[in-house]
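Asker: Given the coordinates of chain A, work out where chain B should sit on it, guided by the hints.
Going down the list, the protein sequences come from chains A and B.
For what it's worth, my numbering labels the leading residue of the first sequence as 4, then goes sequentially.
For what it's worth, my numbering labels the leading residue of the second sequence as 4, then goes sequentially.
In case anyone wonders, no lab produced these hints; they're calculated from the structure.
A virtual CB, placed ideally from N, CA and C, is assigned to each residue, including glycine.
Don't take each hint at face value.
[Unchecked claim] These stretches of chain A come out as covered by chain B in the derived footprint (C-beta under 8 Å, 3 or more residues):
| # | segment |
| --- | --- |
| 1 | 143-150 |
| 2 | 167-181 |
[Stated by the list, open to error] Pairwise CB distance ranges, derived in the manner of DEER restraints:
| # | chain 1 | residue 1 | chain 2 | residue 2 | range |
| --- | --- | --- | --- | --- | --- |
| 3 | A | Y50 | B | R99 | 50 to 56 Å |
| 4 | B | C94 | A | L163 | 19 to 25 Å |
| 5 | A | A48 | B | C94 | 37 to 43 Å |
| 6 | A | A149 | B | T121 | 27 to 33 Å |
| 7 | B | E101 | A | R133 | 27 to 33 Å |
| 8 | A | D26 | B | A148 | 26 to 32 Å |
| 9 | A | T13 | B | H57 | 41 to 47 Å |
| 10 | A | E65 | B | K46 | 44 to 50 Å |
| 11 | A | E69 | B | T13 | 55 to 61 Å |
| 12 | A | R171 | B | C94 | 52 to 58 Å |
| 13 | B | Y79 | A | H61 | 47 to 53 Å |
| 14 | B | C114 | A | D72 | 50 to 56 Å |
| 15 | B | H57 | A | R133 | 25 to 31 Å |
Protein chains: 2
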Amino acid sequence: MAQQHRAQLTRHSILVAAAAEIDEVGYEAARLSAILRRCGITKGAFYFHFSGKHEVAHALVERYRENLDELSNRWYQRAQNPLATMVGLTCDAARRLEDDVLLRAGLFLACNHVGTDTDGWEFLFDDLVRRAADRGLLRPGLDPAAAARVCYAMVVGTNLLVGGDLQRLGVRLEEAWQVLLPGLMVGGAREAVAAG
Amino acid sequence: MAQQHRAQLTRHSILVAAAAEIDEVGYEAARLSAILRRCGITKGAFYFHFSGKHEVAHALVERYRENLDELSNRWYQRAQNPLATMVGLTCDAARRLEDDVLLRAGLFLACNHVGTDTDGWEFLFDDLVRRAADRGLLRPGLDPAAAARVCYAMVVGTNLLVGGDLQRLGVRLEEAWQVLLPGLMVGGAREAVAAG
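Just chain A, same shape as in the assembly (with noise of 0.2 Å):
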């Protein structure tokens, strides 16, 4: 048990070090040694848990998808207005990236294409608009499929033109959503997302 503990660790420690080293250098730069350096494992513990940096990636990018589900359900869970739900989980999000180099290096990985081929938030935003268009609360001739896409290369547009500073991320996603979203709204939803 105290050894299966052990590997649980060392299998962590190995994560969060490629993290870093993705996070700071790219995937195509980050070399296998400089990660084993920055954990301190031997190459023989290394591919104890995985057989190269690309299972590792793979690792990463499914750590990230299964908090990103986790988040999602969570906000969902609220039963809030669909689009303060928007809000509230684009912004949360970029909160844990601040916080989390692996889930930072996780997304950067999964916008990448390595390991999958979707970042996991083009079906969210598409889905939390159209639940928005069937309460009746986007403002009339507005296509959902068309917002989702707006409100999406808003965000990704948004997280590209901080260039990695995730503080400001939060801050320019509230702001953004601000600009954006009253005028996606009939009139009386505005107040209920302020309100949510």
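Answerer: Only chain B this time, still in chain A's reference frame:
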């Protein structure tokens, strides 16, 4: 004179070949040997015009910036609603990028901060949204600087998400402006942009 004309043609062939190579594989991976193979020019002839790949990249960025200046000047001179100028300018730029590999490479380099620290668009969005605010076109309470950042982020995100499919970029930008702009404007301004 004929010799000068031939030199200009050679210089242009090098720029086109470098742009095509950068467009295909990116700046870091673009090799001088591959560029020379594309345009069938000797190393000696190349070094008559440029000191290296870096100087070619700077020339491509400069050409891109000149082209953007010329294009934006033309749209500004139409003296229409500044928000209609923003829509027209971005969609026109997307069409030009689709047709012109030199511009595509120039924008790619500018976005990756080769030879410049800006792609030139941040200033344009900020200026045009402020002009709209000065004319009383924005909805009350909207911060022009924040609105300009959202427009910029939306365009950057849309460009990233079409993944080099420039034909789709034009379509997606038109769609995005239809979603985004009505929410930024006071009621009376909407028809003006639609008519612009």
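Asker: Hint by hint, which ones does this structure get wrong, listed from lowest number up?
Answerer: 5, 12, 14, 15
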